[in-house]
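In the numbering used here, the protein residues as written are 1 to 69.
Take these hints with a grain of salt, some might be off.
Said to hold, decoys possible - Below, in silico cross-link-like pairs of lysine to any residue (SDA-like), each with a Cα-Cα straight-line distance of 25 Å or less:
1. Lys45 <-> Ile33
2. Lys45 <-> Asp28
3. Lys29 <-> Thr5
What the hints assert, rightly or not - Okay, the calculated beta carbon distance ranges per label pair:
4. Lys29 <-> Gln55: 20 to 30 Å
5. Arg25 <-> Lys65: 20 to 30 Å
6. Gln55 <-> Gly27: 25 to 35 Å
Keep in mind that the hints were calculated from the coordinates and are not lab data. Owing to the predicted nature of the structure, the values given are computational and were not obtained by experimental measurement. Each residue gets a CB set at the ideal place from its N, CA and C atoms; glycine is no exception.
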Amino acid sequence: MDCVTVSPKFQIVIPVNVRECLKIRAGDKMQVIQFDGRIELVLVKPVKSMRGFLQGIDPSIGRDKKDRI
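Given these sequences and hints, build the entire structure.
So, in structure tokens, the structure goes:
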């Protein structure tokens with residue numbers, strides 16, 4: 001577990017091992033979530049990186065007529 005220090009400007013530095021593991025780059029966007037007395041930083045992936053994530057899904061799976069758009 002890594003510890004960080006909050007600067008006078010309320011900034012922190014993400015440890016290098018965490019940055020490398022999560023492939024965080026300068027300029028990446030992160031969502032800040034306050035939950036149950038803690039702060040969570042979640043990397044926001046660009047929409048472009050989601051391209052093809054449904055590739056191979058079976059569209060023939062039946063749906064109820066009432067659920068169709």
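Consistency of the hints with the structure:
Distance check on the hinted pair: Lys45 and Ile33 sit about 16 Å apart at the alpha-carbon level, within 25 Å; holds. For the hint pairing Lys45 with Asp28, the CA-to-CA distance comes to about 8 Å; that is within 25 Å, so the pair holds. Between Lys29 and Thr5 the CA atoms are separated by roughly 21 Å; this keeps the pair inside 25 Å, and the hint holds. Range check, Lys29 to Gln55: Cβ separation about 25 Å, and the 20 to 30 Å hint holds.
At about 46 Å, the CB distance of Arg25 to Lys65 disagrees with the hint of 20 to 30 Å. Taking 25 to 35 Å as the suggested C-beta distance range, the pair Gln55 and Gly27 conforms, at roughly 28 Å.
Of the numbered hints stated above, the single one contradicted by the structure is hint 5.
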